[in-house]
Amino acid sequence: MSNLQLDANGRLRHFLAIEGLNREILTEILDTAESFAGVTEQNVKKVPLLRGKTIVNLFFEASTRTRTTFELAAKRLSADVLNINVSVSSTVKGETLLDTLRNLEAMHSDMFVVRHSDSGAAHFMARHVRPHVSVINAGDGRHSHPTQAMLDMFTIRRHKNDFENLTVAIVGDILHSRVARSQIQALNMLGTGEVRVVAPRTLLPTAVEALGVVPFNRLEDGIRGADVVITLRLQKERMRGALLPSELEYFQLYGLTEKRLQAAKDDAIFMHPGPINRGVEMDSQVADGPRSVILQQVTHGIAVRMAVMSLAMRHAGEGETD
Amino acid sequence: MSNLQLDANGRLRHFLAIEGLNREILTEILDTAESFAGVTEQNVKKVPLLRGKTIVNLFFEASTRTRTTFELAAKRLSADVLNINVSVSSTVKGETLLDTLRNLEAMHSDMFVVRHSDSGAAHFMARHVRPHVSVINAGDGRHSHPTQAMLDMFTIRRHKNDFENLTVAIVGDILHSRVARSQIQALNMLGTGEVRVVAPRTLLPTAVEALGVVPFNRLEDGIRGADVVITLRLQKERMRGALLPSELEYFQLYGLTEKRLQAAKDDAIFMHPGPINRGVEMDSQVADGPRSVILQQVTHGIAVRMAVMSLAMRHAGEGETD
Amino acid sequence: MSNLQLDANGRLRHFLAIEGLNREILTEILDTAESFAGVTEQNVKKVPLLRGKTIVNLFFEASTRTRTTFELAAKRLSADVLNINVSVSSTVKGETLLDTLRNLEAMHSDMFVVRHSDSGAAHFMARHVRPHVSVINAGDGRHSHPTQAMLDMFTIRRHKNDFENLTVAIVGDILHSRVARSQIQALNMLGTGEVRVVAPRTLLPTAVEALGVVPFNRLEDGIRGADVVITLRLQKERMRGALLPSELEYFQLYGLTEKRLQAAKDDAIFMHPGPINRGVEMDSQVADGPRSVILQQVTHGIAVRMAVMSLAMRHAGEGETD
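Chains as they are written, first to last, in our numbering: chain A, 41 to 362; chain B, 41 to 362; chain C, 41 to 362.
Any given hint could turn out to be false.
[To be verified] So the derived label-pair ranges between C-beta atoms look like this: (1) 297/C x 160/A: 26 to 34 Å; (2) 170/B x 62/A: 32 to 40 Å; (3) 252/C x 198/B: 35 to 43 Å; (4) 138/B x 249/A: 52 to 60 Å.
[As the list claims (entries may be wrong)] No farther apart than 25 Å at their CA atoms in a straight line, the calculated lysine-lysine pairs in the DSS-like style are these: (5) 276/C x 115/A; (6) 86/A x 115/B; (7) 86/B x 115/B.
Since the hints were made in silico from the structure, they are not lab data. Ideal placement from N, C-alpha and C gives every residue a C-beta, glycine not left out.
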């Protein structure tokens with residue numbers, strides 16, 4: 041996997057998962073995102089880095105929110121963007137993923153941003169694209185959502201500078217969350233002091249310690265002394281599977297309130313990948329409170345995606361003669 | 041409401057309703073639209089006024105026609121445009137309007153063009169956006185559709201120059217029409233000689249005279265001597281509610297024909313917000329006749345929307361340092 | 041029809057069908073596409089030819105694949121593109137095709153790319169647009185799909201240089217295929233040595249020889265000695281109409297395999313308009329084999345559409361004074 045994401049010089053070529061990357065690459069993404077964070081605050085929010093490039097948002101799962109951030113990131117890099125929602129198009133005619141890929145590639149697409157319900161779909165594409173084409177994983181099954189993890193790292197670094205002395209608690213359905221998986225890997229790769237996961241036993245993977253985390257079942261224990269508290273979005277469809285109590289019961293056990301958050305450090309920040317279920321994962325006082333950085337996460341999402349896109353396309357202009 | 045739409049210097053900041061504006065602002069919009077009308081006739085129909093700005097078409101009600109005119113207006117001002125149809129996206133996941141707004145804002149959106157089935161949705165958003173963000177109402181419930189009213193004013197002014205001596209008749213379902221509401225306010229604000237409304241009693245608001253109009257129930261009476269005849273689109277779903285007779289009966293009572301229009305002035309113009317139900321609001325001879333300015337309304341819609349967008353964004357480049 | 045597609049100087053103005061054009065025009069399209077093929081391989085894949093022009097993709101039938109190629113072609117010519125899927129918009133409100141056209145035209149659209157299930161829809165529009173507006177047919181009913189035919193011609197010319205000495209075999213449902221119709225006309229107009237059609241009797245038009253083709257019922261006979269073998273996409277819905285045997289039986293009789301293709305010339309190329317039904321029209325060994333040029337067809341589709349668009353818009357900058 042390491043080879044697949046990096047080029048011969050060890051530089052980012054595809055961005056598929058945190059796994060297989062290294063601290064230098066993650067730091068380069070964060071540093072590059074820092075420079076783009078300035079661009080998005082300018083009066084004219086565009087840089088010509090990817091002018092004339094064609095970026096295809098290839099979404100096999102609907103997600104307006106994620107698609108929108110990638111579309112904005114691409115446009116602010118001056119690329120041309122094609123949005124393709126595959127559920128309503130060629131797969132209807134029985135075309136395979138590989139044929140769809142080959143066809144879009146034949147139109148001289150330069151980059152695919154892929155979301156798919158199957159774990160491994162982005163890797164599959166990366167293994168099959170032509171040498172100059174890059175693939176960015178925008179979420180695949182339960183496996184990985186690496187740009188979400190990196191915008192979270194960016195947000196943490198902006199507030200806390202250094203990962204070494206931090207205690208970060210991730211609260212919610214760890215078992216089914218591709219976001220949690222990617223966050224845990226990134227936090228550990230960046231050398232975070234302690235990474236905790238907080239969930240009922242039914243929502244923790246077996247032998248979760250092997251991921252490099254400390255598990256907790258009680259919320260108050262898990263967030264005690266934490267610098268960063270990340271809550272995951274509750275997938276309501278899990279309720280039906282009897283893995284979870286009711287929404288109300290979930291809130292009573294794991295929902296963040298100002299009172300409960302007193303257990304965390306005074307200057308702790310609170311994060312959530314959005315969209316929030318108010319009154320389920322947290323109450324509005326926390327969501328909209330002074331230590332919530334949830335909207336900053338959204339803002340940073342654009343800068344981080346611009347960074348990943350431009351780094352992965354760095355090679356594009358090099359080997360060519362015109 | 042006046043304060044909400046205007047900045048501290050009394051200049052346009054949001055465009056939510058005609059109500060609360062004043063004749064100077066309306067005239068400034070019309071004058072600015074006049075300059076953009078030239079742009080849309082050029083060979084290269086683009087001006088760089090809003091380059092690097094992000095304009096979000098946030099449509100909670102489907103309307104290809106209105107969305108298209110805003111999208112074209114934004115592109116001709118060189119802005120980046122995001123089309124978001126909210127019925128099929130984040131509201132499905134239970135996100136509130138305010139959360140949707142906050143998230144899009146966090147992506148450094150500069151302007152929201154909003155259509156919503158709830159009256160007041162655009163005002164709600166304008167009350168909550170950050171200082172540099174503008175909101176344009178593209179139709180909210182039965183309340184207001186101010187850009188439609190302004191393109192109508194622009195069309196009237198181009199043909200008749202002065203509002204003072206005009207008699208304008210609005211024909212159709214006044215009671216349920218946000219277009220009529222906005223037209224009446226704009227016509228009165230611009231000092232129109234006489235504004236008439238023509239409809240069956242069931243489709244007129246009670247005490248309609250308080251809006252500054254003269255009501256008529258018979259078409260021939262209402263359009264006698266009129267300089268401008270505006271017919272509203274018949275919402276067919278009203279039929280079911282028994283507020284209206286059949287389409288055929290409606291046409292017999294209120295449908296415009298060349299014969300009937302002889303009651304209006306010889307140089308009267310005929311308008312309709314589109315799309316036309318031919319054989320219901322008017323026959324094709326009128327719709328396509330020499331005094332119909334219906335397609336000019338569409339053309340003017342682009343120029344007027346460019347004007348509103350650029351005026352509302354005038355502040356954007358001023359208070360910022362980079 | 042000839043007059044409708046050409047301007048007073050005999051130059052391309054609309055592109056509706058191969059019928060009515062002539063060898064000079066087709067050759068000019070192929071030569072122009074040759075120059076654009078270079079553009080799509082450049083690092084910055086854009087030319088400013090249609091900057092400030094508005095191109096409307098007006099699709100009354102869903103087709104992500106065809107729409108995408110036109111959208112990319114337009115963007116690489118620097119035009120602004122509007123995608124309008126009419127089935128979900130104004131026709132719902134009962135607007136006629138002509139009213140839709142008039143409205144989009146009133147927004148100063150410069151070109152319509154039209155796909156419609158009714159044969160003749162593009163011609164209808166071309167007869168009604170304003171003098172400066174061009175119409176491109178992106179497929180109308182069973183009638184015509186001329187840009188597909190031209191990208192096929194471009195692909196053949198790139199591999200075989202000259203049409204005069206070629207034998208080209210078209211295999212599949214000739215009777216219902218707008219692609220086959222356009223291909224046959226283009227091949228004959230360009231002076232192809234022999235054009236063959238290969239299909240069961242039920243899928244051949246009566247008196248098919250009048251189209252300038254030699255009909256065959258057995259695949260092996262039809263492709264014997266061929267330089268080019270084009271297979272058509274099998275429309276699975278035809279199965280139900282009992283015009284076709286099962287998919288498996290179709291493959292046994294008409295499916296291309298390496299073994300069968302030994303009957304064709306050694307350097308024969310294999311083409312398909314896509315998307316392929318693997319195991320129906322051909323097996324994967326053929327589709328992905330060294331003599332398959334199917335993906336090149338997709339690539340050439342962009343260049344050919346850029347050529348058609350820019351030639352049809354050539355007049356746009358000439359008569360205007362700005």
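Status of each hint after checking the structure:
1. 297/C x 160/A: 26 to 34 Å: Since residue 297/C and residue 160/A have Cβ atoms about 31 Å apart, the given range 26 to 34 Å holds.
2. 170/B x 62/A: 32 to 40 Å: Because 38 Å falls inside the window, the suggested range holds.
3. 252/C x 198/B: 35 to 43 Å: Violated - the Cβ-Cβ distance for residue 252/C and residue 198/B, about 55 Å, lies outside 35 to 43 Å.
4. 138/B x 249/A: 52 to 60 Å: Check failed, 40 Å falls outside 52 to 60 Å.
5. 276/C x 115/A: Answer violated: residue 276/C to residue 115/A is near 39 Å, above 25 Å.
6. 86/A x 115/B: Satisfied, since the Cα-Cα distance of roughly 15 Å is no more than 25 Å.
7. 86/B x 115/B: Given pair residue 86/B, residue 115/B holds - Cα atoms ~8 Å apart, limit 25 Å.
In summary, the numbered hints that this structure violates are 3, 4 and 5.
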